[in-house]
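**Student:** Chains as they are written, first to last, in our numbering: chain A, 56 to 515; chain B, 56 to 515.
Note that these hints are calculated values from the structure, not bench results. Source: prediction; values computed, not measured. Among the hints, a few may not be true.
As the list claims (entries may be wrong) - Listed next, with one range per pair, are the computed distances between beta-carbon atoms:
| id | chain 1 | residue 1 | chain 2 | residue 2 | range |
| --- | --- | --- | --- | --- | --- |
| 1 | B | K94 | A | G391 | 53 to 63 Å |
| 2 | A | N143 | B | A305 | 33 to 43 Å |
| 3 | B | A357 | A | R81 | 41 to 51 Å |
| 4 | A | R81 | B | E302 | 13 to 23 Å |
| 5 | A | P97 | B | V486 | 45 to 55 Å |
| 6 | B | R447 | A | S329 | 24 to 34 Å |
| 7 | A | N143 | B | R447 | 37 to 47 Å |
| 8 | B | V486 | A | A291 | 54 to 64 Å |
Backbone N, C-alpha and C fix where the C-beta goes; we use that ideal spot for every residue, glycine too.
There are 2 protein chains.
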Amino acid sequence: MTDITRSLLLTDLYQLTMLQAYWQHRMNEVAVFELFVRKLPPGRRFMVAAGLDSALDLIENARLDSAELAWVDGCGRFAAGFAEWLGNLRFTGDLWAIPEGTVFFPAEPILRVVAPIAEAQWLETRLLNLVHLQTLIATKAAHCVLAADGRDLIDFGLRRAHGAEAGLLAARSAWLSGFAGTATALAGLRFGIPVFGTMAHSFVQAHDSEAAAFKAFAESFPDNAVLLIDTYDTVAAAHTVAHIAPELAARGIHVKGVRLDSGDLDALSREVRSVLDGAGLTDAIIFASGNLDEQIVHELVAARAPIDSYGIGTSLTTSSDAPALDAVYKLQEYAGLARRKRSAGKATWPGRKQVWRFTGEQGNFGHDVVALESEGYEGTPLLNEVMHRGARLGAVVELADSRRLCADQLAHLPPALRASPTGVSATAYPVNISARVQALADEVDRRTAGDPSSGTTGSG
Amino acid sequence: MTDITRSLLLTDLYQLTMLQAYWQHRMNEVAVFELFVRKLPPGRRFMVAAGLDSALDLIENARLDSAELAWVDGCGRFAAGFAEWLGNLRFTGDLWAIPEGTVFFPAEPILRVVAPIAEAQWLETRLLNLVHLQTLIATKAAHCVLAADGRDLIDFGLRRAHGAEAGLLAARSAWLSGFAGTATALAGLRFGIPVFGTMAHSFVQAHDSEAAAFKAFAESFPDNAVLLIDTYDTVAAAHTVAHIAPELAARGIHVKGVRLDSGDLDALSREVRSVLDGAGLTDAIIFASGNLDEQIVHELVAARAPIDSYGIGTSLTTSSDAPALDAVYKLQEYAGLARRKRSAGKATWPGRKQVWRFTGEQGNFGHDVVALESEGYEGTPLLNEVMHRGARLGAVVELADSRRLCADQLAHLPPALRASPTGVSATAYPVNISARVQALADEVDRRTAGDPSSGTTGSG
């Protein structure tokens, strides 16, 4: 069977039903869809765009295999010939995108797809699925990185990430936003991300004593052993480490550090530091984990707990306090005419848009303007064309470069957005909708209001 | 490249480091690991076990491919020969499991793995990743099903599920727990789940009028068209449907129903029902969607809103109010000796355990007992052996049968657990830990307390 991550049948059935209707009614004019997030979830002050690389890969390579086309053909819903037409559908349009690692805000399009309507519609579900996930995790990770104020963070969350792809892409998204690495081995192979690992409680439990477990592990990893010391009693285990260290050192084995995974991490890290220092193990690092999030890390950092690195698991890989963004993919133009929906609480801004960023105080980001593509501004445009007539433009962007871009972006956040993990700042970042976008919305509303047979009178 | 869903390199690095230590120190005695959930998250009254089928598939088929083994060999962390040994590792142990669709509670093992320690340790990360996700979603879905009180629920959440596998397995997990189907087309092919779909706002917006959009869609799906009516004005669009229905009927086209996706669903559904009924469209169903969850569905059902079916999206597929369960995989026995950790707030019950369920009032579930495997009780044992010495036992369980089992389980919940979606009932379901399990914990504590060189004195 085809890898599910590369199947375009991984979509909502309604994309297929709409495509059949477009096909049967010969609707093949150019459509413009934009992907954006409606609002910030609680606990987030900004977002970090991620997932563009997956999106490009999807558009270039995802296909229906023969079994999937046979299912479409035989499921009793679709007209004769539709599956064959679908099997030959290829993306021939343009893609505009905000680079991965860029900070962005609600109402700002991060992707714009310009293509014959069936090709653009068809992408909706999986494009959202990929970009939403990665933007969600990159955003969470960036908030953690700011809270850690320079301490190393490691992604520990594969086991409770939502499936294989979520775990693997969470590792990538966290690295993009400034994590020092991940525990997920496959992310090392696939993305070249530094991989970290210590030991589990089961390793300690399987030995007759903690001393025996620690010695065995250190013998196997003489330069790199981080020993987990909370299985029974954290401070007692720290003394055990101190006790066995000289014997190990005599054999050329250097204990790299210890990991705390439960209890009062502030108090325990101080006691453990003192035990290790008292034994001359001043180089041994203290690693902390166990249901951590950016709030807890911020508090430990603020309290100056002697913790060198943090492993963040479930709260990162599920973005547990806000496990979804209100990300949508909306038709903004069709056949040269601007379009919008007016659904209660879900109205959209019509037309092909660009996001302009303006510098404010001390070189930081000052404000953004969402304008029509055709408007000219002095700021920096965030959306670039990355695919033209179905072909990628420019060289592949290296993940390390995206990571540097993200670090630079975080360094230019206004102080109010950079500072506290304790919630959204009172004054949110200003994003202005241009007067021409607003006027276009009014125009579309006049065109589509009232009589359902009102037809098309506006301009595109 | 190998399908990531079938790679055992999708694991935490520490599994590899521990495996090398076990290999180098020739630790290959039988280990017993149990997978369980420590506590119920807020908003859940019980859990539904899911993911066993994936677990069996993982154990039987997941492998490292040559590129992955080359990465292990060349990453500079592991000893010569380790990658080769790892590549030949196969599961030769036993697996015990609670059947998919079974209701269970905290502290109750739902999987027990009995195998040489490396084989059992190796599975931890991905086994948790798969079983956690599916149990999480099946649990959320079951709470939705109870809230809907007989109305059909459809999974609409692929786009904001966390990646491909999360979306596909959420469809399966929701169906297992009693959803009527999913919008995810691939779930139809892979699992035979009924697939549903309507149309998106973009379809309406791409047409010059709602009337034109509705007609085009109905022509393409003459028996099966559910028309989305909230793009501009829900009640006006209902009148449009009423207006075009006779003309369509004259051509043999039957409007199946309408979908509301925003606004006050209670008030709008009544207005729309009245418009449709006034036009003789009494058979047309009303479908509702738009950021729904079990609480909103419960309120709409309680208010007797005339809504026939509900689409539940993000809140289902991300389990948004509780996106993770405190699921763990813990060593309970090694080399014939019971084991436990005592970490603060994370202590485990040692030994090989069985869960016994006892009937209470009116044939409903009364209470459970978690006991040692060797204890005999009169209740129903929930864990069955499903794999012996690496080979599956019995026939493959059909998903439809698991779905019937789940429905039967939900029907036997005590009324307090079945009733309200407004939070956990005051008296939680009683799960008793047997006296022998508690005595064994004390025994293990005595053995592992104090001096790290205390050695082994307990019995297994």
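**Student:** Check each numbered hint against the structure and report the violated ones by number, ascending.
**Tutor:** 5, 6, 8
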